[in-house]
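Visitor: Knowing the structure of chain A, use the given hints to seat chain B on it.
Heads up: the sequence lines are chains A and B, in that order.
Those letters in the first sequence? Residues 52 to 256, by the working numbering.
Those letters in the second sequence? Residues 501 to 870, by the working numbering.
Accuracy of the hints is not assured; some may be wrong.
What the hints assert, rightly or not - Cβ-Cβ distance ranges computed for the label pairs, FRET-style:
id	chain 1	residue 1	chain 2	residue 2	range
1	A	A149	B	A692	32 to 42 Å
2	A	R94	B	E748	25 to 35 Å
3	B	D679	A	R84	18 to 28 Å
4	A	R94	B	R866	47 to 57 Å
5	A	E218	B	G779	58 to 68 Å
6	A	G150	B	A692	49 to 59 Å
7	A	G150	B	G779	23 to 33 Å
8	B	G779	A	E201	47 to 57 Å
9	B	R672	A	G209	57 to 67 Å
10	A	A124	B	A782	16 to 26 Å
11	A	R84	B	R672	17 to 27 Å
12	B	D679	A	P98	22 to 32 Å
13	A	E235	B	D679	50 to 60 Å
Worth flagging that the hints you see were computed from the coordinates, not collected in a lab.
Every residue gets a Cβ at the ideal spot worked out from N, C-alpha and C, and that includes glycine.
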Amino acid sequence: MTRMKPVVLVVDDDRAMREALANLLETIELRVRCFASAQEFLRFRRPDVPTCLVLDVRMAGLSGLDLQRELAAHGEAVPIIFLTAYGDIHMAVEAMKAGAVEFLSKPFRDQELLDAIRRGLERDRETRLRRATTAALRKSYDKLSIREREVMSRLAKGRLNKQIAAEFGISEATVKAHRRHIMEKMSAATFAELVLMAERLHETV
Amino acid sequence: MAMTMTDSSNGGWTGTWVWYPAEHEMFWSRATFRILTRDPRKTTPSLRILFGAIHRSERRLIQLAFRNAVRKKQDFEQQYAIVGADGVRRHIHCAASPVLTDSGAVSEYVGCISDVTARRAAEESARRAQSELVRVSRVFTMGALTASIAHEVNQPLAAVITNGNAALRWLRSTTPRLDKARKSLAAIVRDAERASEVIGRVRGLASNGGTLPEREPLDVCSVVREVIALIRGELRESGAVLRLRLGENLPPVLGDFVQLQQVILNLIINGIEAMSSNGDRAKELTIAAQRDRERGVCVTVRDSGIGIGARSPEQLFEPFYTTKCAGIGLGLALSRTIVEMHGGRIWATKNPRRGATFQFTLPLARESRS
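Next up, chain B with everything else stripped away, as it sits in the complex:
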C-alpha cells in the first residue's frame, strides 16, 4: 500500500467507478482507491467520500454540478483539486455518463477519475514560459525604445545647456548684449518644451499599457507620426533614409492608439533590422498610409533589406518564427493579433528588387461600428 501511495502521488493514474443510484452503492477500481488515498480494506466506496475529498472551496459547486447532471440524465465532466487522506493536494479530472434502462430511468453512472497533477504542472510551466517570452520580447523592444527616447530627450537638453551658456556669456561680456541673451532664453524655452513633449508621449505610452484597449476614432497618419517621433533616434543611427507617403484627409479608423502604435513600431524596427547588413547598399524605408477602396485604410512599411527569403510570407506571422538572432519571434504574431482584433488584415510581400513590404488594413470608423 505504501508503495502504491508513492506512485499515486506522482500522478498519472486513472481509476473507474460505478454508482448505482437506486441501491445507493458504489464500485471503485483499485486505481480509484489509490487516487483518493483510501485503503480498500477499510473503506466502503460512496459518493460522500468521492466528493468529500474535493477541496473545500470547490466541493459544493462540483456536488451541485453532479446532482444537476443526474437530474437531467446528462454527462458529467469536471476538473477540481482534492486533498487526499495523506494531506497531499492533487488535480483531478472526473467524467461520468449515465446508463439508462429501457424505461429511461438511470440505472447507473459509469465514471472515471484521473490524477492530472503532473499534466497541470506541465501546462502551468508552459504558460509561465510563454508569458516570460512575451515579457522578454517587450523588454527587447523597450530597450530599443529607451535608447531612442533617451536620445530624443538628450538632444533638446544639449541645446538648452548650450543656449544657456551662450546667454550667460552674452550677459557677462563687457557690454552685455541683452538682445542676444533674450533670443537665447527664447530658444531655451522652445527646446525645453520639446523635451517635455517627448516625456509626455512616453508617459502616454506607458500609462496605457496596463489598461484595456480603448477604441476611438483615430487618424492613422497621426499614429504613424507619433511612432516616427519616438523612433527617430533609432532611424538616424541605422542610417536609413525615411520616405513618408501619408495620404491627406484620410477618414478615421476605430482603434486603440497604443496598440496600433505597437504594430507600426514593430514593423519599422523589423524594417531597420532587415537593412542592418546592407553595407553600401542604400537603406530605404518607406512608410505610407493611404485610402484602400475595399478595406478602409492601408498602412505600408517597405524596406530595402535582406528580404524574407524563400519561405512563405504567411509563415512570418506565426508565433516564435524568427529570422533574427536577437528576436523572440513574437513581434509579427502579436501584430497580427492586434490588427485582426481591429477587424483588419496584415500581410507581407517580397519586393521585386530587394527587401520586403508589410501592409495592414484597418476598417473605417463608421463601417466597424455597424
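Here chain A stands alone, though its shape is the one from the complex:
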C-alpha cells in the first residue's frame, strides 16, 4: 500500500495558479489533481494513497481554513500546505496550530513548496503505515481466546509463568502452551516484540 503512487491535491479558485502548480509538480513526477473550490474537493472520493493538500487560504464560499477545520472535525488528518496572497500572521499561526505542514505566501520559492510537499507526503505515509499496522495487530488480537488475552496482558506486565498459573489456577505447562499460541497468532518473532504489541494495542484501545 505504501508503495502506491502518492497524490497532491490542489485547491485554488484561480485557474492560472492551479495550472501553474500542476505544471511545477509534474516536473518532479508527482501525481496532481486540481479543484476550483473547497466544495468540489469535498465531493471528491480521495484514493487510499499518501496524500498532501495544497490549499489557497482565501476562496469564495469555504475558505482554506474552513476546509482544514472541516477535515479535522471528521478525523481526517491530511497534511496541508497553505498558500496565501497576503502575509497574514494571524492566519498563519491559526493554520500552523491546527497542524498545517507549511504556510507559504505567494509568490513562493518553488523549492520551498516542493520540500513542504515532500514533508507532507512523508508525514501522511507514516500516519497511514501506523494506522495499517495497528489495524493488523487488532485483527490478530481479535483471534485470541479470552483466556489467551488475559494471559497476554499479564505477560506484558512482566508476570512470571508461575504467578500467572497461580492466579488462574492452571498448571505452568498450560501457561507455556498459551504463550506459544499467543506468539503464533500475533506473529511475534520474539517475546520483546509481543510486549511492544501489547503496549500499542493498549494505547489504541
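Guide: Using the frame of chain A, we list chain B on its own:
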C-alpha cells in the same frame, strides 16, 4: 480708542452710514469708524474713504458696482476685503438702499457695513473640514481598493513565477522537455498579460479622477464587470457568494464611466460590509442590471447583511449618515449626487427576509440627449 480698535479687530461689528448725494456728505456711526479704523475726531466721512479702504484688487469693481446701483436707483450689496488704517485685513459685508423723494430722485443712500472676518474664517474652516472628510473617505475606499488590486496583480505574478520555475526545471532535466517548457512559457505570457490588464484598469481609474466627467454612451453591464474585476479580492476575502444577473443587449446609457464605477463600487463595498457580521448565515450578494421600462436601465445590488434597521431608507443618502464604525457617511450621499447628475434616481429597500437592496436607474443615451 485703542480699546475699540482691539475689539474691532475681532470682528463682529456692524456700523451704519448715510450718504447724501446732492450735498456730497456722509454720516458714519461710531461702529463704522471702528470697522474702518478711523479716528472720528480726525476723519471727515466720505465715499472716497469708505471705498478707499477696499483692497486694491477689488476696489475698482466695487466702486463700479456702487455707481451702477446709484444710477439705476437700486440696492447695493457686496462682500469684499478692506485694509484698515492699522494695516489689518478684514472681510466686509456692505449693503445699502436708496431713499427716493416724491419726484423719484435719490435723496440719500442708507447703508450698513459689517465686519464678517470671524464668520468668513468659520465658513472657511468648515469648508476645509468637509473637503478633508471627502479626502479621508476616498482614502478609505482607496485602501480597500489598493488591497484588492494588489491581490489581483499578485495572483497572476505568482502563477508567472511558478510557471517560470517549472520551465527551468523542464529544461534542466536530463532529457530536456521542450514541449513542456514551451507550454509553461505560453502560460507565462498569458498570465503576465492578465497582470498588465489589471494595471491598465487601475491607470484608467486614476487618470480620469482629476478631469471633468465625460459623458459617453455606455454599456452598464461592462461597468459592472469592470468593478467586479477590481473588487474580486475583496469579494473573495469576505466569503460572499456573488450572483450576477446582467441583462443581455441592454441599450446604452449616457454617463461617465469612472463616476458610475464609483457608485457601483460603493454599493458593493457597502453590501460586503453589511454582511461582515453574518457569521454562519449565508453571505449572498446579487448584482443585477436590467431594462427598466419606465426609467431606462436599472442596476440592483442586494445583500443578505444586517439590513438598514428601523430608520427610513431615505435617510441613508444624507451626508454624514453612517451605521458603520469605519465609515464617514459620504459614500451614499456622493452616490446619490452622481446618479442624480446623470438624470437617474437611487433608492434603498428592506429585503423581506434579510439585508437590503440598493437600486439606481439611468436614462437611456438617446432619451437623455433630447
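Visitor: Run every hint past the structure and note whether it holds.
Guide: To see whether the hints hold, each was checked on the structure:
For the pair A149 (chain A) and A692 (chain B), the supplied restraint of 32 to 42 Å holds, since their beta-carbon distance comes to about 35 Å. Under the hint 25 to 35 Å, the C-beta atoms of R94 (chain A) and E748 (chain B), about 32 Å apart, fit the expected range. One distance hint, 18 to 28 Å for the beta-carbon pair D679 (chain B) and R84 (chain A), holds here, with the actual separation near 22 Å. A hinted range of 47 to 57 Å for the beta carbons of R94 (chain A) and R866 (chain B) is consistent with their spacing of about 49 Å.
Between E218 (chain A) and G779 (chain B) the CB atoms are about 59 Å apart, so this pair conforms to the stated range of 58 to 68 Å. At about 36 Å, the beta-carbon gap between G150 (chain A) and A692 (chain B) misses the expected band of 49 to 59 Å. Between G150 (chain A) and G779 (chain B) the beta carbons are some 25 Å apart, a value that agrees with the proposed interval 23 to 33 Å. Distance hint for G779 (chain B) and E201 (chain A): a CB-CB separation of about 53 Å, consistent with the stated range 47 to 57 Å.
With their beta carbons about 58 Å apart, R672 (chain B) and G209 (chain A) fall inside the hinted range of 57 to 67 Å. The hint said 16 to 26 Å for the Cβ distance between A124 (chain A) and A782 (chain B), and at roughly 20 Å that hint holds. For the pair R84 (chain A) and R672 (chain B), the supplied restraint of 17 to 27 Å holds, since their beta-carbon distance comes to about 25 Å. Judged by the Cβ atoms, the range 22 to 32 Å given for D679 (chain B) and P98 (chain A) holds: they are separated by roughly 28 Å.
Between E235 (chain A) and D679 (chain B) the C-beta distance comes to about 58 Å, which sits within the given range of 50 to 60 Å.
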